[in-house]
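*Asks:* Each chain, letter by letter, is given below.
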Amino acid sequence: MKVNVYGAGLSAWVAAACLAKVGNNVAICEMSATERKELNKISTVRDEPNLLQQLEQQIDSGRLVRHLQRALPEAEIHWLAFQPEQQNKAEGVMDRLCQADQDGVLVVNQCNFAVGATLDLQERLGEKGCVVYIPDNLQEGSAIQDFSHPKRIILGIDQDEALVKARALLRPFSTGLDALQLMNSREAEFTKFAITGMLAIRLGYVNELANLADQLEVDISVVQEGMGADARIGAHYLSPGCGFGGQNFHAYVSKFSGIFEQQRQQQQSLLKAVVGANEVQKELLFRKLWQHYNGDLQGKVVAIWGCSFKPGTASIDNAPSIKIINALIAQGVQVNLHDPEAMPNLKKYYTNEGLIRYFKTPMEAVEGADALLLVTEWPLYWSPDYAQLAEVMKERLIIDGRNVFDKQMLKQHAFAYCGVGR
Amino acid sequence: MNSGEIKAWVDLLAHAEKMKGRHLRELFKAEENRFEMLSFVAKDFLLDLSKQRITKETLGKLTALAEQQDLHGWIEKLFTGEQVNVSEGRSALHTALRLPKENELQVNGQMVTTDVHASLEKMESLVRQVQQGQWRGFDGRPIRSIVNIGVGGSNLGPLMACDALEQYTPLESKLLDVHFVSSMDGSELEKLLPWLEPATTLFIIASKTFTTVDTLANANTAREWLLKASGKPVELINQHHFIAATGNVEQAEKWGVPEKNQLLFWDWVGGRYSLWSVIGLPIALKVGMDNFRDILKGAHAMDVHFRETSFDKNLPVLLGLVGVWNINFLNIHAHTILPYDGRLAHLPSYLQQLEMESNGKSVNGKGERLNYHTCPVLWGEVGSNAQHAFYQLLHQGTELVMCDFITAAVRYEGEGEELQLQHQLSLANCLAQSRLLALGDESASDLSYQHYDGNQPSTTVMLDELTPETFGGLIALYEHKVFVQSVIWEINPFDQWGVEKGKKVASSLLAEFKSDVNEHLDSSTKGLIQRVQAQRGQHES
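Keeping their order, the protein sequence lines are chains A and B. So for the first sequence, the numbering used here puts the first residue at 1; every next one is plus one. So for the second sequence, the numbering used here puts the first residue at 1; every next one is plus one.
One chain only, chain A, in its complex shape (with noise of 0.2 Å):
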């Protein structure tokens, strides 16, 4: 099938690859500042694991193209995965869509505007054609098995004529399910929300329980063990930590919360106390450093391990570490930086800071260092060499954003060790 795709973000290039790789000829439609801008030079694309391959196999293949003008190429299938805040460019490929001359297309929106969304870009459309959505659930790190294999798909469908093809699109992408799980378009677009608020809402409480461990001394991962025990609630995002980030679980979460503001008049919701809760919870390790050395950091040298928002990601994106830095770089704080993936995007983020200083392994980072914190919990950081670890920083001190680390052996090798709830 002749597929369009819209939008510059994560989904739109995975979206792109993988409905080429089935078949389908597909043409992606940036609309943004990165159609200037080479592939592997477009970070979202050279920072999510095969997803450039991927894309350049496709081009090779000649299925997929990168379509720059501003006519749209003819298609049956537009596949919109704009950000969330990109709505009126959504309206304007309808607008644009009710001028061609072209009948009984199909639209699939992606994107996460708001509930009822999808009914709005469908008004637009009038007759032209149906508009159904399908929640994106990609995670970053995994996006292309996320959208090749996924577990199950919602398909929001507000008429039955759109059905055939929605499904025959989908069918490489559905073997193996018992069936796609039919709902309207409102009902999934508030299913998406409810998911993603349910989660960052369960973290935030898993949080806030670590920080109340912490002051009665009880370890955390003991309690968590324990809730996990229990069906009703199951293993799943219990790990403390300090803070969630990326650009996807982020925006959805402060757009949920956003609309229940709206929805309530202002009234505070448990979902924005959440997200406000974890933009502190980003400082958890910085406090802690402040309380360990009472407040006097001017001059100190501490070293940081892992700066991507989550392992398995070079992005950024409203990862703890940012704020941990800024912080530490306020109080005149030399800060030695490790990271496997995301050194060149923090290098760009921080150009011309003399405070921070970037090194090839995480050895080379605690050299000298006052303190240690993990930040981002990386495979290669979880076993480290304890003895050279001891020997080479100044003052035994590790910060543990993620609970990683053996605390008996840390203890046996004098260490200050100050974990999430533990």
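Please keep in mind that the hints were generated in silico from the structure rather than gathered at the bench. Since the structure is predicted, the reported quantities are computational estimates derived from the model, not experimental observations. We treat Cβ as the ideally placed atom computed from N, Cα and C, and that holds for glycine. It is possible that some hints are incorrect.
[To be verified] Label-pair distances were calculated between CB atoms; the ranges are:
{"id": "1", "chain 1": "B", "residue 1": "Gln129", "chain 2": "A", "residue 2": "Glu364", "range": "24 to 34 Å"}
{"id": "2", "chain 1": "A", "residue 1": "Ala416", "chain 2": "B", "residue 2": "Ala534", "range": "54 to 64 Å"}
{"id": "3", "chain 1": "B", "residue 1": "Glu413", "chain 2": "A", "residue 2": "Pro344", "range": "39 to 49 Å"}
{"id": "4", "chain 1": "B", "residue 1": "Leu171", "chain 2": "A", "residue 2": "Glu217", "range": "35 to 45 Å"}
{"id": "5", "chain 1": "B", "residue 1": "Thr80", "chain 2": "A", "residue 2": "Thr351", "range": "40 to 50 Å"}
{"id": "6", "chain 1": "A", "residue 1": "Tyr386", "chain 2": "B", "residue 2": "Lys101", "range": "28 to 38 Å"}
{"id": "7", "chain 1": "B", "residue 1": "Lys43", "chain 2": "A", "residue 2": "Cys98", "range": "53 to 63 Å"}
[Said to hold, decoys possible] As a list, the in silico EDC-like pairs of lysine to aspartate or glutamate whose alpha-carbon atoms are at most 16 Å apart:
{"id": "8", "chain 1": "B", "residue 1": "Lys260", "chain 2": "A", "residue 2": "Asp296"}
{"id": "9", "chain 1": "B", "residue 1": "Lys297", "chain 2": "B", "residue 2": "Asp44"}
{"id": "10", "chain 1": "A", "residue 1": "Lys128", "chain 2": "A", "residue 2": "Glu161"}
{"id": "11", "chain 1": "A", "residue 1": "Lys165", "chain 2": "A", "residue 2": "Glu76"}
{"id": "12", "chain 1": "B", "residue 1": "Lys232", "chain 2": "A", "residue 2": "Glu161"}
{"id": "13", "chain 1": "A", "residue 1": "Lys128", "chain 2": "A", "residue 2": "Glu74"}
Please arrange chain B on chain A, whose structure you already have, making use of the hints.
*Replies:* Okay, now just chain B, sitting in the frame of chain A:
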């Protein structure tokens, strides 16, 4: 001066005899273009003196008096840093606080402008740190609440400015809340503290001398609250929760404020003229440094106007001289300040201090007693609220009162229609009141209690719009007006010896509450102390 020997003064006395018999109603009838003749515009300000009991001739005689008293010479002395504050041997250089960086001013070999801007820059970096959430409290969280502890000039100016300019709060200050406490008895602090989180609260101790007992008492209470909540050592609390805006480094240091948290100003800045200095820190935190600099810019524009404009078009000069006319020649000794704009709610109390503390004096600069009246009793309130309080007296009482109506022509542009209507309603009331006060009620009524005499003189100060710049200009307008009057009256407006003595008496009385009452005290004071002691004893038993 011996007023009887001054020609211009004697002239005015004779002129006043003629004017006293003339009602404003009559003056308006006689001169159809009174408004054109007697209103004055300078940039964003309009000063309407047509509802004053004056004519062009009066203004001519008043400016002659100003010439006679060498107002020109005094203005130059003020601006160039001569020691106009004779009794304390200091200059009064609040105008230097708003000089642009490139205007160099040297006083006694000291580059004043350089010092001023260095101090502003230190303040700016501190403001930025707080706004960016990088000023940290004892547990490492960013500061979110600011409490200014200060009294008099260290309170009224910043409080007024923060309130007046709240709409200009920039995004980066939206998360900050700024509070003011001043009262010696701790009432405000006691009410405020339960609402604040110790770890995220920063106190500004604003005191020129750093010995003001009111302020230190509040600061000590605040510190005790923090120590108790944090369990941290006092040095850490001082370091992260207290900033001093002061002229006395030693005292600030002694109290415990570390050097990096000290913002300094100089003895040539009077307390009631200090909102332009680092005393303005709460303003800068609340409305941002850019707006704070705009306040300075607006005040500087008024300074230039005051220094360079001929007296017959000079707003502060005219405002001051008309005051002198009312006080010394029409015998009016009450003055009310009526802003028709809720944003200027604190202006009356600010001007109470500015005017009464500056010119509430009865000896001249040489210490000789004066044989004429000086600063009147001054009070005020947001005009529309005052209508429901003391306007009855203005309209039908036995006292002559001069009024200042202060308003902005434009407000709520681009906002809700209802809000714009509210502004118009307020303007209509402002104009109606000044009109009625001036003209009275002509319609003959048999009922004497329904009669309005009128002939109460008033000035209207109309800003185009209330902005940081016009706000700065407005305050500078009144500062210079006060200075003009002080020159006519030959007063030193920059000292306040009448305030000092009371402080000393209070500190000596403090001991009396604990022990047996000194027999040498007057019977009233003795009686009151004994009553307190007796009541205390009852409560304890």
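*Asks:* Decide, hint by hint, whether the structure agrees.
*Replies:* Structure-based check of each hint:
Under the hint 24 to 34 Å, the C-beta atoms of Gln129 of chain B and Glu364 of chain A, about 31 Å apart, fit the expected range. The beta-carbon spacing between Ala416 of chain A and Ala534 of chain B, approximately 59 Å, falls within the hinted interval of 54 to 64 Å. Checking the proposed 39 to 49 Å range against Glu413 of chain B and Pro344 of chain A shows it holds: the Cβ atoms sit about 48 Å from each other. Evaluation of the 35 to 45 Å hint for Leu171 of chain B and Glu217 of chain A yields a pass: the beta carbon distance comes to about 40 Å.
The beta-carbon spacing between Thr80 of chain B and Thr351 of chain A, approximately 47 Å, falls within the hinted interval of 40 to 50 Å. Distance hint check for Tyr386 of chain A and Lys101 of chain B: the Cβ-Cβ separation is about 56 Å, which falls outside the suggested range of 28 to 38 Å. Under the hint 53 to 63 Å, the C-beta atoms of Lys43 of chain B and Cys98 of chain A, about 54 Å apart, fit the expected range. Distance hint between Lys260 of chain B and Asp296 of chain A is fulfilled; the C-alpha atoms sit about 13 Å from each other, no more than 16 Å.
Between the alpha carbons of Lys297 of chain B and Asp44 of chain B the distance comes to roughly 13 Å, so the proposed pair stays at or under 16 Å and holds. Restraint check for Lys128 of chain A and Glu161 of chain A: satisfied, since their Cα atoms lie roughly 13 Å apart, inside the 16 Å limit. For the suggested pair Lys165 of chain A and Glu76 of chain A, the alpha carbons sit about 10 Å apart, so the restraint of at most 16 Å is met. Distance hint between Lys232 of chain B and Glu161 of chain A is unfulfilled; the C-alpha atoms sit about 70 Å from each other, more than 16 Å.
Straight-line distance between C-alpha atoms of Lys128 of chain A and Glu74 of chain A comes to about 14 Å, which keeps the hinted pair within the 16 Å bound.
In summary, the numbered hints that this structure violates are 6, 12.
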